[in-house]
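Visitor: Use the sequences and the hints to build the structure in full.
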Amino acid sequence: MRWTARPVRTFRNARWERQRTHPPRCPSGWKIGPPDFVGVGTHKSGTSWWYQLITRHRDVVTRGHPKELYYLTRLTGEVTVADAASYARWFPRPEGKLAGEWTPGYADDLSAARKLAVVAPDARLLMLLRDPISRYQSDVTMMRYAPDAERRAAERGRYATKIVNLCRYFAREQLLILQYERCVADLRSQLARTYRHLGLNDSVVPLFARRGVHVTRVPLVPVSDERTRALVAFFEPEVSDLAALVPDLDLSLWPSMRHLA
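With this note's numbering applied, the sequence shown corresponds to residues 864 to 1124, in that order.
Read the hints as simulated data drawn from the structure, not as lab findings.
Hints are supplied without guarantee of correctness; some may be wrong.
[Unchecked claim] SDA-like, lysine to any residue: derived pairs with alpha carbons at most 20 Å apart:
| # | residue 1 | residue 2 |
| --- | --- | --- |
| 1 | K960 | D1011 |
| 2 | K930 | G968 |
| 3 | K930 | Y1058 |
| 4 | K894 | H920 |
| 5 | K894 | P984 |
| 6 | K894 | G927 |
| 7 | K960 | T936 |
| 8 | K894 | L961 |
| 9 | K930 | I895 |
| 10 | K960 | D1065 |
| 11 | K894 | T918 |
| 12 | K894 | G968 |
| 13 | K930 | T884 |
| 14 | K960 | R919 |
| 15 | K894 | A947 |
[To be verified] Derived Cβ-Cβ restraints for the label pairs, each shown as a range:
| # | residue 1 | residue 2 | range |
| --- | --- | --- | --- |
| 16 | L1083 | T936 | 25 to 31 Å |
| 17 | R1059 | S1115 | 20 to 26 Å |
| 18 | D1088 | H885 | 47 to 53 Å |
| 19 | E941 | R888 | 28 to 34 Å |
| 20 | D922 | R1035 | 22 to 28 Å |
| 21 | A947 | R1015 | 28 to 34 Å |
Ideal placement from N, C-alpha and C gives every residue a C-beta, glycine not left out.
Guide: Now the structure itself:
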């Protein structure tokens, strides 16, 4: 029998779905508890790469769950103590080690921040941002067969709105905001910055740190000049607000927004 990519993807997706609905076993001597860190955004901004670098740190463990749990988006109604206890079961770790997840969709669901504040109020949060036009094009390419892909991709680029919502429920110092382009250009310092935010030894540099993860391997969906101009106008107010919220934001790294610097 000849194997094709589709059965492999189907098997992998079924395994991930089971991992999202069946918490891992907690080994003897380990503990369970709310995640120490949660990545909340954004899609197509290098989050799989950065999560992998975090989990390669010797003081971080990940056991039996995928990077993206989508736990908060599955919760409906008021969040209960039982929901918090159920969420904690996904994060077994030995004493002194950290555990967490990174679901980019949490930032898109404005109710997720409220839920997260109940189930993991002390978690350190991470958000990775990318030039909104580049991110949009990559996102549309990923969702090219999905209905309403262009509108959804544009909404996902409203970074300032998402950050303001998060800060309604969490202290600003709990949230680390990174730029994808800066992480690519200066990986060592941005990774050290990430480790410090999580309370980890920042001198560690994992092997294969520059290896790509989930790199787009299909041609990008073209975006016309007219559509690009419309998107720049759509994103300009958000990026202006973002610059006020994130003083060290380097707009020179975002070609589509350099005129706002």
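Visitor: Evaluate each hint against the coordinates.
Guide: Going through the hints against the structure:
Restraint check: the Cα-Cα separation between K960 and D1011 comes to about 42 Å, which exceeds 20 Å; the hinted pair is violated. For the given pair, K930 sits about 12 Å from G968 by alpha-carbon distance, which is consistent with the 20 Å threshold. A distance of roughly 17 Å separates the Cα atoms of K930 and Y1058; the hinted pair therefore holds under the 20 Å criterion. Using a Cα cut-off of 20 Å, the hinted pair K894 and H920 holds, with the two alpha carbons roughly 19 Å apart.
Proximity of K894 to P984 is assessed by CA-CA distance (about 18 Å); at most 20 Å being required, the pair is judged to hold. In summary, the hint linking K894 to G927 is supported, as the alpha carbons are separated by about 15 Å, within the 20 Å threshold. Restraint check: the Cα-Cα separation between K960 and T936 comes to about 26 Å, which exceeds 20 Å; the hinted pair is violated. With a CA separation close to 11 Å, the supplied pair K894 and L961 stays within the 20 Å bound.
At roughly 17 Å between alpha-carbon atoms, K930 and I895 fall within 20 Å of each other, so this suggested pair holds. At roughly 15 Å between alpha-carbon atoms, K960 and D1065 fall within 20 Å of each other, so this suggested pair holds. Distance restraint check for K894 and T918: the Cα-Cα separation of roughly 18 Å lies within the 20 Å cut-off, and the hinted pair is therefore satisfied. For a cut-off of 20 Å, the pair hint linking K894 to G968 is broken: about 27 Å separates their Cα positions.
With a CA separation close to 13 Å, the supplied pair K930 and T884 stays within the 20 Å bound. For a cut-off of 20 Å, the pair hint linking K960 to R919 stands: about 12 Å separates their Cα positions. Proximity of K894 to A947 is assessed by CA-CA distance (about 15 Å); at most 20 Å being required, the pair is judged to hold. With their beta carbons about 27 Å apart, L1083 and T936 fall inside the hinted range of 25 to 31 Å.
Look at R1059 against S1115: about 24 Å separates their beta carbons, and that is inside 20 to 26 Å. Under the hint 47 to 53 Å, the C-beta atoms of D1088 and H885, about 49 Å apart, fit the expected range. Between E941 and R888 the CB atoms are about 29 Å apart, so this pair conforms to the stated range of 28 to 34 Å. Separation of D922 from R1035 is about 25 Å and conforms to the stated range, judged on CB atoms against 22 to 28 Å.
A hinted range of 28 to 34 Å holds for the C-beta pair A947 and R1015, which are about 29 Å apart.
In this structure, the earlier hints numbered 1, 7 and 12 are contradicted, and the remaining ones agree with it.
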